[in-house]
Every structure is written in C-alpha cells, then in structure tokens.
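Asks: Spelled out from the first residue to the last, the chains are:
There are 2 protein chains.
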Amino acid sequence: MASRSNLMRALRTPVIGANASRSAAAGRALATSRRTTQPSTSAPSSTSTPAGSRSFSSSSRRLVAPTPARRTKLTTETYPNLQRDPRFAVVTEDHVARFREILGDSPSAIVDGVSGAVDEGDLEPFNEDWMHKYKGQTRLVLKPASTDEVSRILRYCNDQRLAVVPQGGNTGLVGGSIPVFDEIVISIARMNQIRSFDDVSGSLVVDAGCILEAVDQYLAKQGYIFPLDLGAKGSCHVGGNVSTNAGGLRLLRYGSLHGSVLGVEAVLPDGTVMNDLCTLRKNNTGYDLKQLFIGAEGTLGVITKLAIHCPQRSPAVNVALFGLESYDKAQLAFREAKKQLSEILSAFELMDGRSQQIVSEVKGQDKPLEGDHPFYCLIETSGSNGEHDYAKLEAFLEDVMTREVIADGVVAQDETQIRTLWGWREGITECLGHWGGTYKYDVSIPLKEMYKLVEDTKARMEEAGLLGDTPEHPVVAVLGYGHMGDSNLHLNIPVRRYDPQVEQALEPFVYEWIQKRNGSISAEHGLGIAKKNFVGYSRDDTMLGLMKQIKNLYDPNGIMNPYKYL
Amino acid sequence: MASRSNLMRALRTPVIGANASRSAAAGRALATSRRTTQPSTSAPSSTSTPAGSRSFSSSSRRLVAPTPARRTKLTTETYPNLQRDPRFAVVTEDHVARFREILGDSPSAIVDGVSGAVDEGDLEPFNEDWMHKYKGQTRLVLKPASTDEVSRILRYCNDQRLAVVPQGGNTGLVGGSIPVFDEIVISIARMNQIRSFDDVSGSLVVDAGCILEAVDQYLAKQGYIFPLDLGAKGSCHVGGNVSTNAGGLRLLRYGSLHGSVLGVEAVLPDGTVMNDLCTLRKNNTGYDLKQLFIGAEGTLGVITKLAIHCPQRSPAVNVALFGLESYDKAQLAFREAKKQLSEILSAFELMDGRSQQIVSEVKGQDKPLEGDHPFYCLIETSGSNGEHDYAKLEAFLEDVMTREVIADGVVAQDETQIRTLWGWREGITECLGHWGGTYKYDVSIPLKEMYKLVEDTKARMEEAGLLGDTPEHPVVAVLGYGHMGDSNLHLNIPVRRYDPQVEQALEPFVYEWIQKRNGSISAEHGLGIAKKNFVGYSRDDTMLGLMKQIKNLYDPNGIMNPYKYL
Chain P
244 MASRSNLMRA
254 LRTPVIGANA
264 SRSAAAGRAL
274 ATSRRTTQPS
284 TSAPSSTSTP
294 AGSRSFSSSS
304 RRLVAPTPAR
314 RTKLTTETYP
324 NLQRDPRFAV
334 VTEDHVARFR
344 EILGDSPSAI
354 VDGVSGAVDE
364 GDLEPFNEDW
374 MHKYKGQTRL
384 VLKPASTDEV
394 SRILRYCNDQ
404 RLAVVPQGGN
414 TGLVGGSIPV
424 FDEIVISIAR
434 MNQIRSFDDV
444 SGSLVVDAGC
454 ILEAVDQYLA
464 KQGYIFPLDL
474 GAKGSCHVGG
484 NVSTNAGGLR
494 LLRYGSLHGS
504 VLGVEAVLPD
514 GTVMNDLCTL
524 RKNNTGYDLK
534 QLFIGAEGTL
544 GVITKLAIHC
554 PQRSPAVNVA
564 LFGLESYDKA
574 QLAFREAKKQ
584 LSEILSAFEL
594 MDGRSQQIVS
604 EVKGQDKPLE
614 GDHPFYCLIE
624 TSGSNGEHDY
634 AKLEAFLEDV
644 MTREVIADGV
654 VAQDETQIRT
664 LWGWREGITE
674 CLGHWGGTYK
684 YDVSIPLKEM
694 YKLVEDTKAR
704 MEEAGLLGDT
714 PEHPVVAVLG
724 YGHMGDSNLH
734 LNIPVRRYDP
744 QVEQALEPFV
754 YEWIQKRNGS
764 ISAEHGLGIA
774 KKNFVGYSRD
784 DTMLGLMKQI
794 KNLYDPNGIM
804 NPYKYL
Chain A
244 MASRSNLMRA
254 LRTPVIGANA
264 SRSAAAGRAL
274 ATSRRTTQPS
284 TSAPSSTSTP
294 AGSRSFSSSS
304 RRLVAPTPAR
314 RTKLTTETYP
324 NLQRDPRFAV
334 VTEDHVARFR
344 EILGDSPSAI
354 VDGVSGAVDE
364 GDLEPFNEDW
374 MHKYKGQTRL
384 VLKPASTDEV
394 SRILRYCNDQ
404 RLAVVPQGGN
414 TGLVGGSIPV
424 FDEIVISIAR
434 MNQIRSFDDV
444 SGSLVVDAGC
454 ILEAVDQYLA
464 KQGYIFPLDL
474 GAKGSCHVGG
484 NVSTNAGGLR
494 LLRYGSLHGS
504 VLGVEAVLPD
514 GTVMNDLCTL
524 RKNNTGYDLK
534 QLFIGAEGTL
544 GVITKLAIHC
554 PQRSPAVNVA
564 LFGLESYDKA
574 QLAFREAKKQ
584 LSEILSAFEL
594 MDGRSQQIVS
604 EVKGQDKPLE
614 GDHPFYCLIE
624 TSGSNGEHDY
634 AKLEAFLEDV
644 MTREVIADGV
654 VAQDETQIRT
664 LWGWREGITE
674 CLGHWGGTYK
684 YDVSIPLKEM
694 YKLVEDTKAR
704 MEEAGLLGDT
714 PEHPVVAVLG
724 YGHMGDSNLH
734 LNIPVRRYDP
744 QVEQALEPFV
754 YEWIQKRNGS
764 ISAEHGLGIA
774 KKNFVGYSRD
784 DTMLGLMKQI
794 KNLYDPNGIM
804 NPYKYL
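Sequence lines, in order, name chains P and A. This note's numbering applies: residue 244 is where the first sequence begins, and numbers increase by one. This note's numbering applies: residue 244 is where the second sequence begins, and numbers increase by one.
Among the hints, a few may not be true.
Note that identical chains are pooled: a pair holds if it fits in a single copy or bridges any two copies.
Straight-line alpha carbon distances no greater than 20 Å define the calculated SDA-like cross-link-like pairs of lysine to any residue that follow [claimed, not checked]:
(1) Lys701 x Arg739
(2) Lys791 x Asp513
(3) Lys464 x Gln608
(4) Lys775 x Glu336
(5) Lys791 x Arg314
(6) Lys691 x Asp441
Calculated from the structure, these hints are not laboratory results. This structure is a prediction, so every number in the text was calculated from the model and none was measured.
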C-alpha cells in the first residue's frame, strides 16, 4: 500500500536524467525535442543498438531479417498478386514534353527518368519510403509550384490515362505515398508558403507542402500551436497530414483534423480546383466536401492548400509517470485524470510493464519508479498557469495514491526530466527491435477491452509454443502501449527471427479480435497498400460499396494513387 | 482612464439581480436556465412585451406586421415562384395502407390526413414551425420506431416517388424541417433511446430522436456534458442538431460537430442503412462518409443514430461582463482572454452598445456597468478548479484594465448573478422585437472586419434616410452581437414596420458585403428554404456543382427534403 509519505517523496524526488541520447536535444524546443520516434530523414537513424534498421510497421508481411547491405524489395515483389492496370498509359517522351510546357525546364520542377535525363538514384527518394519497406518504379517526378500547375498536370494525366501518386514528405507508415508500378509522382514539396494567419482567431492558411515543424515554429512566434504533433514533424507535410488524417499526441486535447481543419483547396483528377478554403469556424452553406479529402490518402485528388484553426500555445507543461497494478486501475486513473486535470490534460499514455522492462534492459537504465509495476501511465498537462497546473497535478496524484488507484508516481521537475520521462514512452519502438524485428499493429479498441488484445495474443503465442526466453522460441514478448486517451493501442510482438508460424498465429486472429469489438484496424496510420485488403474487418460491405461509389464519382478513370486504400 | 481601485471595486461589487423573469429559473441547472432565447414549444412564449410573437429569423422575406389573430402564411404563398415537382406522386390511401403494414395501426405511428382519419389540427404541429414563418401542406406524418422501419419507409417512398421531409424537434430557423407542398413528414420523435455510454472514454451512442436536454441531463449524472448547447435544447433532437450542424455556445470550447461526432447511422433514400456508427476517436479506414450527413439537413438521408465524444463536465463556472471603447479593443480583449484564460475559456460573446441600450430601455433596468460603453463582452470560464479559475479571471481582468484594453468590468459572484449577466446577452433577441419586427442575419466574417458590417449597414440606412428616432423612419437601429469566439455575428435591424425600401437597401447589399470578405451567409442556422437562393454568395459555381453531384449520387430521384438547401 502506498503511504502518504511515500507519495510525497515520489512527488518531490527529482528524476535523474540518465538518458544521454536525449539530453543532446536539450537546447531544442520542448515539443520538438521530445517526440522523435520517427527519423526525420528518409534513412533510419543510426543508434548504438542494431534496432535502428529493423523498424517495421503495422503490416507484418514485409518483415525480413536484417542484412548487411540491405536492398529494399520492390512492392511488386512483396505483393506478387498485384498486376499493373492495363488501362493506364506508359509515360513517353511526348508526355514529358507536355509536362515541360506546363512546369518549365528546371530540374527543380521535373525529375525525368523517361528521357534518360537523370539516373535511378535521383528517382530513389521518390520511389522508396523511409523505412525501406516499399519500393516503386516511377520514372517521372513532377514538382508543381502552384495550384494551377497541379490542375494542368492532372487534367492532362486524366485525359492521357496516366496514373499518379501525390507525395508529401514521404513519412507515411503504410506505403500510401510510394508508387507501386510506374505511376507519376506529383511532389508538393515546392508548394510551401504560409499564406495567411489571423492572430486573433487563430486561422492559418498554408500550402500543402509546408513542413509541419516549420509551420509550428512560425506559430510559436505568434503564441499559437499547430493542433497536431508527430514524430515525423521535421519532414512531413501538412497536406500529407491532412490526407492521412494524422492523429498523434495532441488529439486528446485538440481533437481530430475533421474538427480543426477549416478549409481545403484540392485539385480533382479532371483538373477542377475545388475551392473550399474557408477560414471560418462556422459555415453552414452546403455539404462539407472537404471532409472527404481528410484521410482520403490522395485517392480523390491533390490537396494544395488548407486552412486550420490553431489554438493558443500553453506556456506551462508538466509531466508525471506512475505505476499501477492493473489495467482496471489504469482506466480508473484515466477517468480521474480527465475529471481532475480536465482542461489541462494534454496526453495520457499507457505502457505495460513488459515494455518498460525491455526499455530498461536494452538501454541499461534504472526505471524512474522503484520496483516493477504491471502498468505505467505517463500524463502531460499543458496550461496557461504553471502554478495552478502543478497544484492540480499534485492534488490528482495525492488523491489517486491515497485511494490506491496508482501504486507510485513521480513528477518531472524541469525540462530535462520531462524529456527523460517521455523517453520511457518514446524509447519503446527503438528498444523492441533489439532481437531482430517487431510485428506491429496500430489499432483502436473500445477502452474497456483495449488491453485484453495484448493478453489474448500473448496467451495464443504461449499455447502455440512460440513465446519463450530461449532461442528456439521466435517470440520474445507480447506487449502493448499507446495513446490511452484516444483508445489507440500499439500491439507489439518483438521476435528473434521471421517465422511464418508467428504470422499465421497473428493473422487473421488479431483482425478478427478487433472486428468482434467494433474496433478499427487502422487507428491513425491510414490504409495505403499495407491495409488495403483488411478494411473489411472494420467496415461492412455496404460502407465499402458507398466508399467505392465516392471514388468512382471523383476519379472515374482511377488514376489517383491506384492499387491502394480500398 | 480606469484606475486600479476602480477595477477592484468593479470586480468585487455584486451585481444586483434585477431580472425578475430570469430569477424564476433559479432552481434549474445553470446550463439549462440561462440559455432560453428560443421557446421550447412550438408556440411563441408569452411575455410582457409584444415582442414575443414578433420574432423573425435570418431571412427578411417573411417579415410581416403582427396581426391580432395571426395566420401563418403558406410557404407557397411566401415563395410564389415555387412549383410542386410533378415527378412526385400524390399520397393515396393505397400508400397509407402500405405504411400501416410497415408501422402498424397505432395513432402514435401514423397521423393520417389522407384517409381522413384526423383533421387539419392534428397535422398542424408538423406543418408549421415554432416561429409561424413556414407552413406546409402535408397530409401524412409517419413516426417510425426503428431504423428498419425508416429503411422500409424510404425504400417504398423512393420506389413510389413520394417526397419526404425528415423532422426532428422542429426547432429550426430556416424552414428545413417543414414541408413545402404535400411531402410526407417522417418524424423521428419515437426513436429516442440512449443506447450506450462509455464512462471512461466519454463515447455516447443515442437515437437521433433523443431530446438534447434529456441527453445532457443523462450525461450530467455521469459527470459528462454534451458538446453542444442551444437555446432550443428542451425540444430539439440530437439527430436534428447533427443534420443542421448546429453551432451554439460551446463551439469555442468543444469545437464543431464535425470533430465531436464519432459515428452516424443513416438511412439512404433507397432504404440502404449506412452503418458508420463508430465509437472510436481514431479510425482511419476509408472515406469519412458520415461527415456528408453532418449539416446535410436531411437532403441525403435520415440520420437514425449517432455516436459522439462527450467531454467531462466542468464543476466551476465563472462569468464576467466588461465594457470597451472600440471594436479593436474587443478584439484585443478576445486575444488576451484566449491567451490568459486559455483552456478554461468557454464563451466570449460580443454585444454592441446599442443592443445593450435597447435591452436596458425595453426592460427598464440599469445596466450592470456604470455609464455607456460602445461595446460589451461577456466571457464565461468553465474549469475543474473554481479557485484557480477565479484567480485567472481576476488576473486577466486586472491586466486588461490596467492596460486600458477594457474600460470597466464586473464578475458574477453566484449563480443568480451569472444568470443576470447572461440575461444582458440573451435578452437582446426578445427586446429587439419591441417596435414591430427585426431583420436578422446570422453570418460569419473574418474577425478583423466582423463588426464593420454593422457600421456599413448603419451608414447605408442613414444615407437612405431610413434610420431615425421618429415614426416616419422605418428603422429603429442597426446593431450587432454574437459569438465573437466563433467569428459569428448576428446583424440585427429592428424596425417599426415592414418596408420594401429597407429590404431593398439590405439585400443584396449584406450578402455582397459578406461575399467580398469570404464570409459565410449562414454561420450556424443552415440553409433550409430561407437561404437556398443565396448560397452562391458563399460558394462558387464549382463548389455548388460538386455539392449537387453528391445530392444526385445519394438521392437521384430527389425525394429527400425537396425545394430546399441547394
């Protein structure tokens, strides 16, 4: 039982910042430095563990053993059943000549592998994703500088039946922005201007190709914040964020992009410019068409500009970590945090004991709390008054400790400690790769049953004799962590080696399990090519039919980002 | 200049509750009692001023002089250019027989004026709106009790080309839920069950016919709140709220329904049940089709159930009212309130001096602040800790007074005073009708220019010689108030009598003015029949074409709520 004196010790004991790799980021802004799970360049980060090059995403099909000189498999090799759609024309030099008329001759506007003007290496950054999981075969990249150029490109492509893939920062996790065959890449990178900001209402208008971090830094100077935060913020484009309906850590506080995006300018496949770039919070003048483009992953058109409502930036940030003895108590803690921290709660993250044990073992660091706890929660508050926020947090922790909802807790005393505590949540992904690879599932499940997926999956692995501490067992552990505030679980299965038995035990088991609970097989990463074949686990045939009806309405020739999504 | 001592006096001086009519509501819950601008029954409220029966909505076309025994004009008389669409069948007794097969014989399920089973009076509540502005000619009302019944009704209507009007609580302001000719009314009133509530995540699933206040009262017992609040909450249905994309006072804090609605179950015109009733905050599995139904005003199908994310209820509520010397200062105060009150700010309302003068004159009450101010703002905070919130509010008021952003201010000390201060905002609508009628426009305008619409309209009335204090001038005043936090202005022109000159001076002037600023001619009330012909001022032809494309996709026979919306 946690005593009052024990609590106060825990509350006041500074956490010693033992995470050397994070302290290097100490001089950077808080929001930027503490969320870096995803490399900001297309190459994986180099780390002291071999895990860096073995990061895998939600779909398990591309899980391969690491090789010294790793070659990314073509997506068509990974998915041998995919056939190039014969409706689409093959890009010719005549086509390229027309694109040069539209865009000009500058190499900044066209990367031309069709006429042989560039070699394969110049096309690679557009053909491959940052995880080296997906690889396409485009021979042409177009980089329009204006909405009008996008419109003229698409109209011509539609007329000529040339398939295209819109591409932003190329930081996606499901292969959505990578061509499969020889689709033309339309990169939005040159469309990167901040168009307007109303510093009273918080309405921001930006080009789709703006980098999220650049926009957020611009807003920081005005005392505002972008209502979305991602590990990939240094590379991802805001247009891509909207096309993917990205979630991230701020969703608990600022809600989904369906609520915060005020307007969208998009170019439809036939070149039509849809000007729905409203900057107003209230506008009831007809169907809210822009919503279709939020999360459409470039299959209906190309988002070229967006307007978004930005909240004021909170000057005070607090972070606490606590240990709990059961998932039921974690739910109770979440409910109490919502009640008592209410308007200042900005993150509520769940990590199970196994995930924290692995981080501790792999990094060789002592955990911030004494002893082992079956569950840990990390909470962040963001508010306008540091004293008030700290008082609320302290009262909350005292209450939940006195009532034995939590077993122990610690509050960060400064920014270094904030980063250290976040490290126990953010370090998981990296550490899980320690043994060879990880099967990862990004799913939403109603909160009451969320963690049961981990328990049931673990039991299944044990029954199949796949889970154990010795080398003959492929599975190292079955664990879970994620955004508890959003019912968003990351089910992770670190393995010693690729093994078809593990995959067979996992799928369709996991998807069926989620289907039975009305969960979502894709919480925040989108469908892309990775989950195209699994949507039926979260949507019935009627919904799928209605979605395909929309696709056919906007893109009757199917040129927009083919082979993906639905 | 405001001195520090003056401020503290103002801050600490209790407001004497002089509003007798509001004190009657003292025993009711705060949220319920202080927002009652719209009567909760279909009949206008009886008040001591003649204004009660002279309340007019956004469109000026139906402004008529009050008569002792008032008869509501048929909508077809008001809009003589409207013609019944000859594609639609006329309801026969055979049709009614089929509907009886679906719904049973109970009078609670069918109000049958076709077979002569009921008289005109029984149909009137479904044919007329609560403002007595719109009047249809339906002879048949169907009240399904389940989604399946709605589906069977619509499939049959679609096959038979019978036009229908979905109807909720019938509290709309633009005639959207009232038939125009003989369309069949489908009332959702019997579908009124709360289906589920997850008291950890806050996900609520309810039938579309639930009354907003009933749902909110249910949530209050769980410590939660519905993320929408309206004057009509005692009558309106949540399905109607979503169909209208209602805004209200909580939008500043909880965002739009596009963000908070998690899922929708809707029946399409051909009877297809679209099950998009997700209860998860994150779900990236295809196009977000439910968004099309939010704000579609029943033109694409009938919403039968919805899932919505409900926030925790705030135990502490504070209200302050202050006077300002210019609109620029009101903007500055808004910016500072957002910054300093940040996460606890739940309302920021603007009222100009003229509106407050009229309330004072009509009600015969002294204003809560000494002297006259060109502008007044009412702010409300809602938080989890009353002491913290009051301290923030006090510090904010001290800061803005010291810097002369505001000229004077007062903070309510108890619930009675909270209601009294809100009365100065909410009493405007009623008091404006004192002289005969009011031209009302509910619009959104980028905040910097928002109030200029009032100034320019006033100048126009003065130039035309229409505005003055003597009886020969039709216009009493031109004034503005509204939800400053949402850039939502209510431009109001109280008049002594209906005068075509006033209307000619107002339209299309007001709409063109808004169009030039990329504003919205309909902020939160929808289009219905009132604004159908004016959408072009806020949407270009391309957008209108794309919207009509969606309408044709879902409702190729046009049976859903015809003659309205687009």
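Asks: Take the hints in turn and mark each one as holding or not.
Replies: Going down the list of hints, with the structure as the test:
no.	hint	in the structure
1	Lys701 x Arg739	within (16 Å within a copy, 76 Å between copies)
2	Lys791 x Asp513	both (18 Å within a copy, 17 Å between copies)
3	Lys464 x Gln608	neither (37 Å within a copy, 46 Å between copies)
4	Lys775 x Glu336	neither (33 Å within a copy, 50 Å between copies)
5	Lys791 x Arg314	neither (35 Å within a copy, 49 Å between copies)
6	Lys691 x Asp441	between (41 Å within a copy, 8 Å between copies)
Comparing the model with each earlier hint shows violations of hints 3, 4, 5; every other hint is respected.
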